[in-house]
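The listed protein sequences correspond, in order, to chains L and G. Numbering-wise (the numbering used here), the first sequence opens with residue 58 and increments by one. Numbering-wise (the numbering used here), the second sequence opens with residue 83 and increments by one.
No lab work stands behind these hints, which were simulated from the structure alone. For every residue, glycine included, the Cβ atom is placed at its ideal position computed from N, Cα and C. It is possible that some hints are incorrect.
[Said to hold, decoys possible] What follows is a list of derived Cβ distance ranges for each label pair:
#1 L:Gly392 x G:Ser141: 18 to 28 Å
#2 G:Glu93 x L:Glu299: 46 to 56 Å
#3 L:Arg79 x G:Ser96: 54 to 64 Å
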Amino acid sequence: MKYVDEFRDPQLITRAAEEIRRLADPNRHYRLMEVCGGHTHAIYRFGLKDVLPPNIELIHGPGCPVCVLPMGRIDDALSVAAQPDVIFAAFGDMMRVPGTNGSPLEHKARGMDVRIVYSPTDAIKLAKMNPQKHVLFFAIGFETTAPSTALTLMRARSEGLRNFSVFCNHVTIIPAIRAILDSPDMRLDGFIGPGHVSTVIGCRPYEWIAKNERKPIVVCGFEPLDLLQSIVMLLTQLQKGEAKVENQYRRVVPWEGNPAALRAMAATFQLRPYFEWRGLGFISQSALRIREEYAEWDSEQRFQIPGIRVTDPKAAQCGEVLKGVLKPAQCKLFGKECTPENPVGALMVSSEGSCAAYYNYEHRKSAMVRITSAA
Amino acid sequence: MCLAIPGKIVEIASDNPTSALVDVVGMRRRVDLGLLQEDMPVCGDWVLIHVGFAMSKISEADAVDQMRMLEMLGEAEAAEQEVRGYGLEETPDNAGVVSLESFEGRK
Numbered sequence: 058m059k060y061v062d063e064f065r066d067p068q069l070i071t072r073a074a075e076e077i078r079r080l081a082d083p084n085r086h087y088r089l090m091e092v093c094g095g096h097t098h099a100i101y102r103f104g105l106k107d108v109l110p111p112n113i114e115l116i117h118g119p120g121c122p123v124c125v126l127p128m129g130r131i132d133d134a135l136s137v138a139a140q141p142d143v144i145f146a147a148f149g150d151m152m153r154v155p156g157t158n159g160s161p162l163e164h165k166a167r168g169m170d171v172r173i174v175y176s177p178t179d180a181i182k183l184a185k186m187n188p189q190k191h192v193l194f195f196a197i198g199f200e201t202t203a204p205s206t207a208l209t210l211m212r213a214r215s216e217g218l219r220n221f222s223v224f225c226n227h228v229t230i231i232p233a234i235r236a237i238l239d240s241p242d243m244r245l246d247g248f249i250g251p252g253h254v255s256t257v258i259g260c261r262p263y264e265w266i267a268k269n270e271r272k273p274i275v276v277c278g279f280e281p282l283d284l285l286q287s288i289v290m291l292l293t294q295l296q297k298g299e300a301k302v303e304n305q306y307r308r309v310v311p312w313e314g315n316p317a318a319l320r321a322m323a324a325t326f327q328l329r330p331y332f333e334w335r336g337l338g339f340i341s342q343s344a345l346r347i348r349e350e351y352a353e354w355d356s357e358q359r360f361q362i363p364g365i366r367v368t369d370p371k372a373a374q375c376g377e378v379l380k381g382v383l384k385p386a387q388c389k390l391f392g393k394e395c396t397p398e399n400p401v402g403a404l405m406v407s408s409e410g411s412c413a414a415y416y417n418y419e420h421r422k423s424a425m426v427r428i429t430s431a432a
Numbered sequence: 083m084c085l086a087i088p089g090k091i092v093e094i095a096s097d098n099p100t101s102a103l104v105d106v107v108g109m110r111r112r113v114d115l116g117l118l119q120e121d122m123p124v125c126g127d128w129v130l131i132h133v134g135f136a137m138s139k140i141s142e143a144d145a146v147d148q149m150r151m152l153e154m155l156g157e158a159e160a161a162e163q164e165v166r167g168y169g170l171e172e173t174p175d176n177a178g179v180v181s182l183e184s185f186e187g188r189k
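Excised from the complex, chain L in its bound form (with noise of 0.2 Å):
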């Protein structure tokens, strides 16, 4: 009984469930897909899959940033940090990702100068530690990450840093939704979209979603209860016919966005035509590169990089569950060769990939049950 204690209001819990079950209609089969990869952990964590009705299916979302970074960018970097007086930094969550000749922290144990920062300004101050070297900033994340990168990079530059780049792999989410958008092979009634990106982004870049595609689209937090509420807000929103964004999120989201973070990142970023995702393939104008005006600070700009291409293990099927088209069990990999001691494919590396959360998870007793079954 711990977790019930824990939740915020059990009652409202199971009110917003059973209100699920009542807007839901039996002779129909909802596939909603949560875009973020923060949603995907919380919906495991919380096994909300066992207090909605069957005929609701959750379809976990691209929005891990770890999970669709292939593997020949970590390769990329790696080679640039094998030269000598070179220093790879980067946040905690690459640390395992596996690169062809292993992750970030295998090529540490061989002797690669490797630091974990928690922050991208982290960074810099490491550069202005070992002046005699050179810190890369393996820099990952959706919009929620891409604003820090961006004050980084201004101020390196402001500062004439010289010994500091980053390696930017920022990626964006709308480009992402709209190839899944387009994939022939799903099929989709409605998102909840992420939190924190929009606190960046704001609603109006999901406009497109409601008006051009006819699926709504509900912003949502990351507690059990912000869950049902936006699940309760697709219902009703498909019960009426209706297709409009909305924000459940409000207290921390603001509708038109963060203006300083949007500003930060056009100064410093613009598009790249096309950059592959894992499981996704390439996706056009999906990534952000670093503007000319930065170029002294962008690895990729500084350094010969090889451009390796690495297709994922064939056994692997990280692009069909990354789609939705297969859970995550029915992958053949998954939990042999497959887990979050040891993991092939991106799915398995983060906590919040699906992979990760459905084997930390799925097997407990879930936490939601026991609300419901209690209340």
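With chain L fixed as given, assemble chain G onto it according to the hints.
Below, chain G without anything else, positioned relative to chain L:
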């Protein structure tokens, strides 16, 4: 990396208005306010922090909920580790060894 950690601003640097000292469950670290320039927070305000940058202002009640949610998600420890690591605090001799080892120990 995708954590949003609530913190309370306890001091804003007099020589740099975008650098704030923030309290996160008793730990104090410098956090960047540069992304909140449209609506600068003041001392006593609560913010959501992401990779060392304050991303949005929130209410105290939401901050409490957010911390509890991190606990429910099993991410409180990771959040604490992230905040502790801001400013390379664990690696005063810049060896980077301490945090890497503690990271390895956590997996």
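Hint-by-hint comparison with the structure:
1. With their beta carbons about 42 Å apart, L:Gly392 and G:Ser141 fall outside the hinted range of 18 to 28 Å.
2. Hint check: G:Glu93 to L:Glu299, Cβ distance near 48 Å, so the stated range 46 to 56 Å holds.
3. A hinted range of 54 to 64 Å for the beta carbons of L:Arg79 and G:Ser96 is consistent with their spacing of about 57 Å.
Hint 1 from the earlier list is the only one contradicted by this structure; the remaining hints agree with it.
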